[in-house]
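With chain Y held as given, fit chain H onto it using these hints.
Given next are the chains, with one letter for each unit.
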Amino acid sequence: MTTMQELSTDLRAFVNMYKWQRIEPVPFAPMSKPLSEARVGLVVMACMTMPDQEPFDVGQPDNDPSIRIVPSDTDPQTLVNTYRDQGFDHAGLAEDANLLIPLDRLREMAAQGEIGELSPRVISICGHLPHPKALMDSTAPAIARLFLDDDADAVLLVPA
Amino acid sequence: MCNQTVGLVGAEIERHGIPTTTQIYLRNVAEMLQPPRALWVPFAHGYALGKPNDRNLQLSVLRQTFALLDEPGPGPVIKDYVAEKIPIGMHMG
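Sequence lines, in order, name chains Y and H.
With the numbering used here, the residue at position 121 of the first sequence is 121, and numbering never jumps.
With the numbering used here, the residue at position 18 of the second sequence is 1018, and numbering never jumps.
The following block holds chain H by itself, in its conformation from the complex:
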């Protein structure tokens, strides 16, 4: 259900002039719903950012989600998460 809720809330925020972006678990639901911007993530419900305590994976998902904000319209913009090879031991900063 949250696949639908993120889209409905995001659309209302966009109607107020603020761009939004989200992850979504079920691509077919995204295509029916038409959220303004959504990144389909290949993870189970409850794991939107990938894996617990996997900081680099979580950051990767967030960066790809935010990248949708740079996509030209019109919506819906629905893209698939692309797995990145993250070097072992890589840390930000």
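Next comes chain Y alone, as it looks inside the complex:
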């Protein structure tokens, strides 16, 4: 369980000192159809790439706000972890990528009729973006337009 007390001293200090963004007003789009009929998009935050894609440039001071597009029929275990920081424990991800890129679970839910289907393009980004201006100005709108182009009815985001 992650509580503030259980974070490392450095991370707890960061959480307390950081000027968190506040979303105001809060946008809230309704579902247009039942989840069982919905095309579901996926955004994952763990800096994962396809083996033939350029790694995220995680050496930048503000990290890398670019995206990688991953086909939704990909085996998540074949993705490459390009994030080496200790912002989170990577052991679980190495053992089972579905913890952060739940493509197998979502395909199972689609097969069982719990969701309609997966949107064809999964978006992979690096969630560690302490200076989110580029994220908000460019990356997030581009992600939204991509899901509009793919006719997604709902989007799941999974933090790292």
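Where hints are given, some of them may not hold.
Some, not all, of what chain Y presents toward chain H, calculated at C-beta under 10 Å [said to hold, decoys possible]:
#1 P25
#2 E108
#3 H128
Below are the DSSO-like pairs computed for lysine-lysine, each with C-alpha atoms no more than 27 Å apart in a straight line [said to hold, decoys possible]:
#4 K1079(H) - K19(Y)
#5 K1051(H) - K1085(H)
#6 K133(Y) - K19(Y)
#7 K1079(H) - K33(Y)
#8 K1051(H) - K1079(H)
Listed below are several chain Y residues computed to face chain H (Cβ distance under 7 Å; list not exhaustive) [said to hold, decoys possible]:
#9 W20
#10 Q21
#11 P27
#12 L35
#13 V43
#14 F88
#15 L99
#16 P102
#17 L129
#18 I143
#19 F147
#20 V158
These are computed hints drawn from the structure, not numbers from a lab.
We put the beta carbon where it would ideally sit given N, CA and C, even for glycine.
Okay, now just chain H, sitting in the frame of chain Y:
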């Protein structure tokens, strides 16, 4: 940081008319940030869906995350993950 990033990206997708849902690790950050819909999960960073190779737990987290899509607005809708008793050997299908 990803607690904030999921909220900011989700909000932009919602502004384009598509509903979103997510997990979040730090409830106090969620309350400051106000993502449209978020399920607080009692797991460490790096373990959004619970435990590696625990298919039933992962599905449970996903189902509760998706259930937020049925919540009436307005946002933010922030709920806590409720642990379920999953019978040993239970499988889908």
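Hint by hint, here is what the structure shows:
| no. | hint | in the structure |
| --- | --- | --- |
| 1 | P25 | holds (8 Å) |
| 2 | E108 | holds (6 Å) |
| 3 | H128 | holds (4 Å) |
| 4 | K1079(H) - K19(Y) | holds (23 Å) |
| 5 | K1051(H) - K1085(H) | holds (15 Å) |
| 6 | K133(Y) - K19(Y) | holds (13 Å) |
| 7 | K1079(H) - K33(Y) | holds (22 Å) |
| 8 | K1051(H) - K1079(H) | holds (20 Å) |
| 9 | W20 | holds (5 Å) |
| 10 | Q21 | holds (6 Å) |
| 11 | P27 | holds (4 Å) |
| 12 | L35 | holds (6 Å) |
| 13 | V43 | holds (6 Å) |
| 14 | F88 | holds (3 Å) |
| 15 | L99 | holds (5 Å) |
| 16 | P102 | holds (6 Å) |
| 17 | L129 | holds (5 Å) |
| 18 | I143 | holds (6 Å) |
| 19 | F147 | holds (6 Å) |
| 20 | V158 | holds (5 Å) |
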